[in-house]
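Novice: Each chain, letter by letter, is given below.
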Amino acid sequence: MKFAAVVTLVVTLFAGAAGAENVSKPIPIGIAVAQTSNVALFGQEQMNGAKVAEKYFNISGINGTPIKLISQDTGGDEAGAINAFQNLVSKEKVVGIVGPTLSQQAFAADPVANRLKVPVIAPSNTAKGIPQIGEFVGRVSAPVAKVAPFAVTQALKLNPAIKRVAILYAQNDAFCSSETTIFQQAVKRQKLEIATLQKFMTTDTDFTTQATAVLRAKADLVIISGLAADGGNLVKQLRQLGYKGTIIGGNGFNTTNVFPVCGKNCEGILVAQAYSPLAQNPLNKAFVDEYRRTFIKDPPQFAAQSFTAIQLIVEGLRKVEIATKKKITQLDLATVRVELNKALRKGSYMTPLGEISLDAEGDINQHSFYVSKIKMDISGKVGVFAIVSVVK
Amino acid sequence: MEGFLQNYGFLLVTLLQQSLLAFSLYFPLMAGQLSLASPGFYALGGYIAAIMSTAPECTPLREKLGTGIYPLEWLAAGLISGVLALVIGISALRLRGIYLALATIAFVEILRVICLNLEITGGAIGIFDIPQLFAERWSYGLIFGPLLLLTLLFVYRLENSRTGRALKAIREDELAAGAMGIHTTYYKVLAFVIGAVLAGIVGAMSAPFLNTWNARQGTFDASISYLAYVLIGGSRSMWGPLLGAVLLASLPELLRPLKDARLIINGMVLVVASIYLPQGIVGALGRLKRCVVKNTSPMGGER
Numbered sequence: 001m002k003f004a005a006v007v008t009l010v011v012t013l014f015a016g017a018a019g020a021e022n023v024s025k026p027i028p029i030g031i032a033v034a035q036t037s038n039v040a041l042f043g044q045e046q047m048n049g050a051k052v053a054e055k056y057f058n059i060s061g062i063n064g065t066p067i068k069l070i071s072q073d074t075g076g077d078e079a080g081a082i083n084a085f086q087n088l089v090s091k092e093k094v095v096g097i098v099g100p101t102l103s104q105q106a107f108a109a110d111p112v113a114n115r116l117k118v119p120v121i122a123p124s125n126t127a128k129g130i131p132q133i134g135e136f137v138g139r140v141s142a143p144v145a146k147v148a149p150f151a152v153t154q155a156l157k158l159n160p161a162i163k164r165v166a167i168l169y170a171q172n173d174a175f176c177s178s179e180t181t182i183f184q185q186a187v188k189r190q191k192l193e194i195a196t197l198q199k200f201m202t203t204d205t206d207f208t209t210q211a212t213a214v215l216r217a218k219a220d221l222v223i224i225s226g227l228a229a230d231g232g233n234l235v236k237q238l239r240q241l242g243y244k245g246t247i248i249g250g251n252g253f254n255t256t257n258v259f260p261v262c263g264k265n266c267e268g269i270l271v272a273q274a275y276s277p278l279a280q281n282p283l284n285k286a287f288v289d290e291y292r293r294t295f296i297k298d299p300p301q302f303a304a305q306s307f308t309a310i311q312l313i314v315e316g317l318r319k320v321e322i323a324t325k326k327k328i329t330q331l332d333l334a335t336v337r338v339e340l341n342k343a344l345r346k347g348s349y350m351t352p353l354g355e356i357s358l359d360a361e362g363d364i365n366q367h368s369f370y371v372s373k374i375k376m377d378i379s380g381k382v383g384v385f386a387i388v389s390v391v392k
Numbered sequence: 001m002e003g004f005l006q007n008y009g010f011l012l013v014t015l016l017q018q019s020l021l022a023f024s025l026y027f028p029l030m031a032g033q034l035s036l037a038s039p040g041f042y043a044l045g046g047y048i049a050a051i052m053s054t055a056p057e058c059t060p061l062r063e064k065l066g067t068g069i070y071p072l073e074w075l076a077a078g079l080i081s082g083v084l085a086l087v088i089g090i091s092a093l094r095l096r097g098i099y100l101a102l103a104t105i106a107f108v109e110i111l112r113v114i115c116l117n118l119e120i121t122g123g124a125i126g127i128f129d130i131p132q133l134f135a136e137r138w139s140y141g142l143i144f145g146p147l148l149l150l151t152l153l154f155v156y157r158l159e160n161s162r163t164g165r166a167l168k169a170i171r172e173d174e175l176a177a178g179a180m181g182i183h184t185t186y187y188k189v190l191a192f193v194i195g196a197v198l199a200g201i202v203g204a205m206s207a208p209f210l211n212t213w214n215a216r217q218g219t220f221d222a223s224i225s226y227l228a229y230v231l232i233g234g235s236r237s238m239w240g241p242l243l244g245a246v247l248l249a250s251l252p253e254l255l256r257p258l259k260d261a262r263l264i265i266n267g268m269v270l271v272v273a274s275i276y277l278p279q280g281i282v283g284a285l286g287r288l289k290r291c292v293v294k295n296t297s298p299m300g301g302e303r
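First to last, the sequence lines map onto chains A and B. Counted the way the numbering used here counts, the first sequence spans residues 1 to 392. Counted the way the numbering used here counts, the second sequence spans residues 1 to 303.
Derived by calculation from the structure, the hints in this document are not laboratory data. Note that the structure is predicted; figures quoted are calculated from it, not measured. We treat Cβ as the ideally placed atom computed from N, Cα and C, and that holds for glycine. Every clue listed holds true.
Result set (DSS-like, lysine-lysine): computed pairs, CA atoms no more than 30 Å apart in a straight line:
(1) B:LYS259 to A:LYS93
(2) A:LYS55 to B:LYS259
(3) B:LYS259 to A:LYS297
(4) A:LYS373 to A:LYS146
(5) A:LYS244 to A:LYS199
(6) A:LYS25 to B:LYS259
(7) A:LYS68 to A:LYS285
(8) A:LYS117 to B:LYS259
(9) A:LYS297 to A:LYS392
(10) A:LYS191 to A:LYS244
(11) A:LYS188 to A:LYS128
(12) A:LYS392 to A:LYS163
(13) A:LYS146 to A:LYS199
(14) A:LYS68 to B:LYS259
(15) A:LYS146 to A:LYS285
(16) B:LYS259 to A:LYS91
(17) A:LYS188 to A:LYS392
Which residues of chain A face chain B? A few of them, derived with a C-beta cut under 7 Å, are:
(18) GLU78
(19) ALA79
(20) ILE82
(21) ASN83
(22) SER90
(23) LYS91
(24) GLN104
(25) PHE107
(26) PRO111
(27) ALA127
(28) GLN171
(29) ASN172
(30) ALA174
(31) SER177
Work out the full structure: start from the sequences and follow the hints.
Specialist: Printed below as a string of structure tokens:
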């Protein structure tokens with residue numbers, strides 16, 4: 001009796017894999033981001049953006065066929081990302097995957113999807129080498145090298161007297177440590193002097209050492225590559241110890257989560273952004289309105305990028321339908337995946353990030369960036385990123 | 001069959017890998033030494049393999065050896081880990097109990113910070129695009145599986161040998177063992193080195209398995225997981241680490257359909273197991289077996 005049950009179970013497990021199969025309806029799109037662990041803060045914002053995208057694009061669907069988001073938690077580690085990807089590809093039979101949250105996770109999980117010929121669009125992987133993982137890997141997150149230097153040029157425009165720069169970064173974070181090298185190059189290109197270079201950990205809470213070093217070096221510009229919690233605290237302690245000059249925050253500051261950390265002291269931080277909720281384009285307006293209605297706040301960059309990733313897959317699927325003159329659900333899964341991957345790299349897209357396209361390798365071509373200044377209200381609790389300049 | 005391996009292959013191999021890491025902690029524990037250094041050697045082994053398979057300096061070696069480079073990586077990782085463990089072991093094993101645990105945590109942290117700052121280890125991003133030994137994830141079971149079997153065989157033989165009995169004697173009472181003429185430092189360092197060599201080899205095998213290697217591998221969190229495997233499984237039997245690792249590593253994945261609730265259940269299993277099964281699952285099973293035997297045959301006493 002027991003033996004028979006085991007046999008039935010095994011047979012049903014194997015039967016699922018046999019033969020070619022069509023795409024199911026509604027069309028499954030996978031999203032694998034961190035919903036738990038210490039990167040969940042970003043992962044949840046990405047999830048929110050994707051949910052708004054699902055609702056928005058299902059108004060018309062893929063020429064009438066609805067899409068369905070299938071989410072798998074990657075956690076914060078590499079093994080979790082591989083498991084989530086594997087699940088989405090083999091069990092959930094998705095046409096494409098949006099994720100994962102961290103670049104390190106992408107280096108582990110993307111090769112798995114690439115070998116299985118499933119298109120991946122990375123919403124937030126900014127490290128060097130991501131699109132080069134394979135032909136099925138693309139991204140909508142502009143590499144750090146592109147975005148960061150704009151903040152330095154803007155700071156010099158606002159205050160041409162700047163001479164001495166202090167650079168601080170979180171050495172245990174992949175994003176921050178690659179961002180800081182970009183900042184250092186940008187500073188050298190502007191012929192400024194790096195007065196001091198300080199390291200900290202994303203888990204630190206006391207930054208007295210770094211702050212006093214900055215004051216001792218008599219810096220008139222501070223550039224911080226850190227995440228919201230540690231970076232915010234660092235700014236707060238810098239200001240409390242009497243630093244009066246300009247502060248540039250890296251992309252870790254590009255979130256409203258930083259406001260409660262440094263409060264009034266956030267005032268004036270310059271941040272280069274790949275996305276601004278204030279950007280003028282019809283789709284961004286629709287996205288921001290819907291996001292505000294659902295989550296009662298402005299969408300952060302992570303949400304906008306995952307919305308964009310879903311948008312690319314949706315528009316890609318529409319292109320596949322036009323090219324093959326068939327409904328997606330009439331095509332077999334493997335064909336859809338390959339065709340979708342080709343379609344993604346063709347043409348340009350009008351997204352909340354502005355007009356973008358993917359090059360042959362799958363890397364993003366983004367046309368507009370923003371440099372914003374944090375403005376806090378009198379209570380010191382609520383703030384906005386006010387656009388200082390738009391870089392085209 | 002292929003579909004099954006496609007779905008669960010990675011998980012199954014992860015279970016083998018985690019069991020091996022549990023054993024790397026079990027060896028020092030056989031001599032009663034609570035060492036949390038395994039993740040450090042695991043990370044080190046991974047870096048050695050990753051560097052050997054990606055660094056341009058090693059290209060001639062790779063071209064000469066072909067796939068033969070992989071066994072060489074395992075050997076190098078095992079050797080280097082062993083030598084490092086010998087150096088650390090001789091000084092750190094003078095410490096006892098919680099102080100040894102602290103010293104080994106410090107070792108893991110030092111290694112992590114060094115790897116974060118070195119050029120050759122790729123800084124915080126780490127090393128990626130590591131050449132693959134096999135195309136499919138499940139195929140990695142072909143190297144982890146035999147290693148696990150070898151380890152089990154080794155532990156089985158060790159427990160019934162002179163060395164195994166010496167380790168147990170040290171675990172029960174170090175002073176008494178010393179008084180009996182057992183060279184306690186020698187055996188403690190030996191157990192520590194065996195664990196480190198195993199962790200180093202597993203790390204070297206894991207680098208291609210995970211496609212990438214970075215300083216997030218083998219951190220303090222990992223130390224705690226390996227310790228949990230051994231303690232929940234049972235630290236007094238060779239089946240303990242195996243059972244603990246398989247159970248605790250598979251639980252979060254098997255509970256995936258429960259979404260957010262899975263971590264709550266996972267945590268509850270840990271709490272309940274540590275309260276009600278102080279000797280681990282294997283220990284509890286042993287007690288249960290003795291109970292049943294006693295009840296069914298009242299004549300038979302305790303063995």
